[in-house]
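Letter 101 of the sequence shown, counting from 1, is numbered 247 in my numbering, and no numbers are missing.
Think of the hints as simulated: they come from the structure by calculation, not from any bench. Fair warning: this is a prediction, and the values are worked out from it, not measured in the lab. All C-beta atoms, glycine included, are put in the ideal place defined by N, C-alpha and C. Do not rely on the hints blindly, as some may be mistaken.
Said to hold, decoys possible - Listed next, with one range per pair, are the computed distances between beta-carbon atoms:
| no. | residue 1 | residue 2 | range |
| --- | --- | --- | --- |
| 1 | Lys167 | Gly300 | 38 to 46 Å |
| 2 | Arg290 | Glu247 | 24 to 32 Å |
| 3 | Glu284 | Asn315 | 49 to 57 Å |
| 4 | Ile318 | Phe209 | 33 to 41 Å |
| 5 | Gln180 | Asn315 | 44 to 52 Å |
| 6 | Asp251 | Phe209 | 32 to 40 Å |
| 7 | His314 | Cys212 | 27 to 35 Å |
| 8 | Gln222 | Gly300 | 18 to 26 Å |
| 9 | Gln254 | Ala166 | 33 to 41 Å |
| 10 | Asp170 | Ile292 | 34 to 42 Å |
| 11 | Lys317 | Asn285 | 17 to 25 Å |
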Amino acid sequence: MEIRKVGAMIINKVKEILIAKFGDEVIIAEELNQKQPALIINPELIDEVCLILRDHPETWFDFLSCLTGVDYGVEQKKFGVIYHLSSIIKKHQIVLKTFKENDRDLNQLPVFKSISAVYKAAEWHEREAFDLFGIYFENHPDLRRILLPDDWEGYPLRKDYQTAENYHNIKIDF
Numbered sequence: 147m148e149i150r151k152v153g154a155m156i157i158n159k160v161k162e163i164l165i166a167k168f169g170d171e172v173i174i175a176e177e178l179n180q181k182q183p184a185l186i187i188n189p190e191l192i193d194e195v196c197l198i199l200r201d202h203p204e205t206w207f208d209f210l211s212c213l214t215g216v217d218y219g220v221e222q223k224k225f226g227v228i229y230h231l232s233s234i235i236k237k238h239q240i241v242l243k244t245f246k247e248n249d250r251d252l253n254q255l256p257v258f259k260s261i262s263a264v265y266k267a268a269e270w271h272e273r274e275a276f277d278l279f280g281i282y283f284e285n286h287p288d289l290r291r292i293l294l295p296d297d298w299e300g301y302p303l304r305k306d307y308q309t310a311e312n313y314h315n316i317k318i319d320f
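Taking the hints into account, I'd like the entire structure generated from these sequences.
This is the structure in structure tokens:
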């Protein structure tokens, strides 16, 4: 069976399962004409969506292969999180995306629900998104920097990040 056909089949099955469980408000949009088709999920439901998709016998998404943060840019004033889920047993994958508007104020970080209670691997992925994008994950068991020093200022993968000239009197030279 063609890969695109399998992808469309699992997306349709996921949509059916999620709408039956949560109603029409669970899926905000769809990106189907992409190399990796995705469903845009209501950010308030992402943890519950992941749990349902992990445990449902028709989907069995037992593996979080990647979670990453996204800065959609200064003009759009929104941040997002992308989740790549896989089923090792069923041999299918899906991409889920979610986003929230945010005024980019470093004192008001964008807040998303942690899925670390669903996928243990999410703990490090979410820490990385926090460290580099300043995305806060509610209910994360140990949300702190993972790549940068604890006293680093700012979030280097934000589109408006200004690189410091020095760090502890050490010149930062690119």
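Here is what the structure says about each hint:
no.	hint	in the structure
1	Lys167 - Gly300: 38 to 46 Å	39 Å, holds
2	Arg290 - Glu247: 24 to 32 Å	25 Å, holds
3	Glu284 - Asn315: 49 to 57 Å	36 Å, violated
4	Ile318 - Phe209: 33 to 41 Å	37 Å, holds
5	Gln180 - Asn315: 44 to 52 Å	46 Å, holds
6	Asp251 - Phe209: 32 to 40 Å	35 Å, holds
7	His314 - Cys212: 27 to 35 Å	33 Å, holds
8	Gln222 - Gly300: 18 to 26 Å	19 Å, holds
9	Gln254 - Ala166: 33 to 41 Å	36 Å, holds
10	Asp170 - Ile292: 34 to 42 Å	37 Å, holds
11	Lys317 - Asn285: 17 to 25 Å	39 Å, violated
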